[in-house]
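> Once you have looked at the hints, place chains B, C and D on chain A.
There are 4 protein chains.
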Amino acid sequence: MTKRIALISTGGTIEKTYDELSGVLSNQVSVLDVMLASLELRGVAVHRVPLMNKDSLEMSPEDHALIAQTAARLAESHAGVVVVHGTDRLAVSGHRVVELVGTPASPIVFTGAMRPWELRSTDALQNLTEALLAVQLVAPGVYVAMHNQVLRFPGVVKDLERRTFVKAGG
Amino acid sequence: MTKRIALISTGGTIEKTYDELSGVLSNQVSVLDVMLASLELRGVAVHRVPLMNKDSLEMSPEDHALIAQTAARLAESHAGVVVVHGTDRLAVSGHRVVELVGTPASPIVFTGAMRPWELRSTDALQNLTEALLAVQLVAPGVYVAMHNQVLRFPGVVKDLERRTFVKAGG
Amino acid sequence: MTKRIALISTGGTIEKTYDELSGVLSNQVSVLDVMLASLELRGVAVHRVPLMNKDSLEMSPEDHALIAQTAARLAESHAGVVVVHGTDRLAVSGHRVVELVGTPASPIVFTGAMRPWELRSTDALQNLTEALLAVQLVAPGVYVAMHNQVLRFPGVVKDLERRTFVKAGG
Amino acid sequence: MTKRIALISTGGTIEKTYDELSGVLSNQVSVLDVMLASLELRGVAVHRVPLMNKDSLEMSPEDHALIAQTAARLAESHAGVVVVHGTDRLAVSGHRVVELVGTPASPIVFTGAMRPWELRSTDALQNLTEALLAVQLVAPGVYVAMHNQVLRFPGVVKDLERRTFVKAGG
Chain A
0 MTKRIALIST
10 GGTIEKTYDE
20 LSGVLSNQVS
30 VLDVMLASLE
40 LRGVAVHRVP
50 LMNKDSLEMS
60 PEDHALIAQT
70 AARLAESHAG
80 VVVVHGTDRL
90 AVSGHRVVEL
100 VGTPASPIVF
110 TGAMRPWELR
120 STDALQNLTE
130 ALLAVQLVAP
140 GVYVAMHNQV
150 LRFPGVVKDL
160 ERRTFVKAGG
Chain B
0 MTKRIALIST
10 GGTIEKTYDE
20 LSGVLSNQVS
30 VLDVMLASLE
40 LRGVAVHRVP
50 LMNKDSLEMS
60 PEDHALIAQT
70 AARLAESHAG
80 VVVVHGTDRL
90 AVSGHRVVEL
100 VGTPASPIVF
110 TGAMRPWELR
120 STDALQNLTE
130 ALLAVQLVAP
140 GVYVAMHNQV
150 LRFPGVVKDL
160 ERRTFVKAGG
Chain C
0 MTKRIALIST
10 GGTIEKTYDE
20 LSGVLSNQVS
30 VLDVMLASLE
40 LRGVAVHRVP
50 LMNKDSLEMS
60 PEDHALIAQT
70 AARLAESHAG
80 VVVVHGTDRL
90 AVSGHRVVEL
100 VGTPASPIVF
110 TGAMRPWELR
120 STDALQNLTE
130 ALLAVQLVAP
140 GVYVAMHNQV
150 LRFPGVVKDL
160 ERRTFVKAGG
Chain D
0 MTKRIALIST
10 GGTIEKTYDE
20 LSGVLSNQVS
30 VLDVMLASLE
40 LRGVAVHRVP
50 LMNKDSLEMS
60 PEDHALIAQT
70 AARLAESHAG
80 VVVVHGTDRL
90 AVSGHRVVEL
100 VGTPASPIVF
110 TGAMRPWELR
120 STDALQNLTE
130 ALLAVQLVAP
140 GVYVAMHNQV
150 LRFPGVVKDL
160 ERRTFVKAGG
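Note that the protein sequences, when read in sequence, are chains A, B, C and D.
Numbering (numbering that gives the first Met the number 0) for the first sequence: 0 to 169.
Numbering (numbering that gives the first Met the number 0) for the second sequence: 0 to 169.
Numbering (numbering that gives the first Met the number 0) for the third sequence: 0 to 169.
Numbering (numbering that gives the first Met the number 0) for the fourth sequence: 0 to 169.
Isolated chain A, as found in the complex (with noise of 0.2 angstroms):
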């Protein structure tokens, strides 16, 4: 009965880490393990896929192509797929899965933090909690979880001004 969740990190600001010498947060080393030995998940099984650690302002089209491709064939062979993905280009990766496959074999849920986990006022477990559980309650298609919300691609947006995802003219 145990559902098999496959969880993809590809960096942002989600697990961006402080360096003492340069005083600035960046993608060094994955914190998405500490996250997940913090939390009690019952009834799934987490498959870790660390694909790549990035700013996604810095990723290329063949970044988000791999992504998209990465998650639409994990969804064939799990119950659902998570991808932790930087905010500024979440909706990049989330239309490029849409165009690639239109409806995937499994719901795969895109979530992100507008504040590094590092930080003691942190949106990122929050969000990889939502994006977690969304996934087993969701119909196949292509989402965004977070900040208690749950939006469906196509014509999802980052609205700046409000920090958080919207539906576009919505």
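Bear in mind the hints are in silico, worked out from the structure with no lab data behind them.
A portion of the hints provided could be inaccurate.
Since the list gives no way to pick one copy over another, a pair counts as held whenever it fits inside one copy or between any two copies.
[Stated by the list, open to error] For lysine-lysine, the following DSS-like pairs were computed, each having C-alpha atoms within a straight-line distance of at most 25 angstroms: (1) K157 to K53; (2) K2 to K166; (3) K53 to K2; (4) K157 to K2.
Showing chains B, C and D alone in chain A's frame:
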């Protein structure tokens, strides 16, 4: 487009706080508002209904009936209802709702915690996050959301050994 | 130039952990090592001496004598000794050291907590930090360091109303 | 019997906060009051003096002179002075005090952090705790308190490799 969600608090481990003089954890004040303030809730308006603040082991049949009636009634005027409840007798209140109305007008999702929010290793925030998301995604019915799982009543029981909820005979 | 500090643990609120099944906080395992790992300790080498793990209300006269003897003996071979102790009977052990040796060979600093480390609002890390620093700065003698205060024995008592230590008659 | 301590804030890593839009940590608002509220400070009355909020790499000679003069003057009317400062140029301000007054009227203790308070792995609270305690225990002079160490000026330098302060030639 904002969904109106009712949030009924009844007490339980999730809300227990520490008393320095006696050195014990008990239900005195509600910490739900502090928890809500630490989450980013877009697209929902939460209507707080503080009903009681009890360890569920001390709930009377009248308490369970009051919780069930309140949840069923609020389900008629809201897009969904979340009930924060002690885990020991959570299933009693859940089954009482099913006996009372069968399928409520909108989803009713119970949640709680095995470790109080006051503890740094709490599961309270994870479970509250899950309940607030699940209530938006599931069909009308009565559920428990906790530990990355959503289970539908009837037939839900607390598994003391695994320290979580399971489906009876599951 | 590294100072060798002995750290005796005896239990108390500071080390209490939470049991999910019983729902109570008690002294089962030592969390001191986790606390030490979260501090940056330069210039000192900490020698851990786990002596007992008791709520100090349950300490016998033999327990207090053992704590006093162990602290006094370690003071002879270290630059200082820190004793983590339940606050209810901390002053009993402190006065026992003074009775035993008057002024020890190096400073002996007791500390504890009003709220266990497991609580997010704990004072445990503050108090441990203070004890580890005070033991390097004060003259040989017996002290309690807690809540940004260092008080010298004899004449130290726990003030239940103010929830901290004070000098008797002070 | 309450000791009056002046607390001068000048900025630095310890006070850096995160901006969601730019994704960088910078000195915008003071988080010192939040830190103070999380500590239990008995026996001292803290007099907050917010002097500036700068990354110390951007301090001018006039800034260092102002910090030194303010600290020396406040030392005359208080039992001690704590200065929160960026670590990169902390030693410049410390030596400036020594040049200005030699030995101040009461202890002046500098502190800072290698990782901002906003980070869950911060050393800010430890260092602030240590400075507030050390200022009560040391003889009049100029010091840095950080990482469980108290070092006296002159001759204090930041050791980039070890990421802490050391005595030159030490």
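> Of the numbered hints stated earlier in the document, which are not met by this structure?
3
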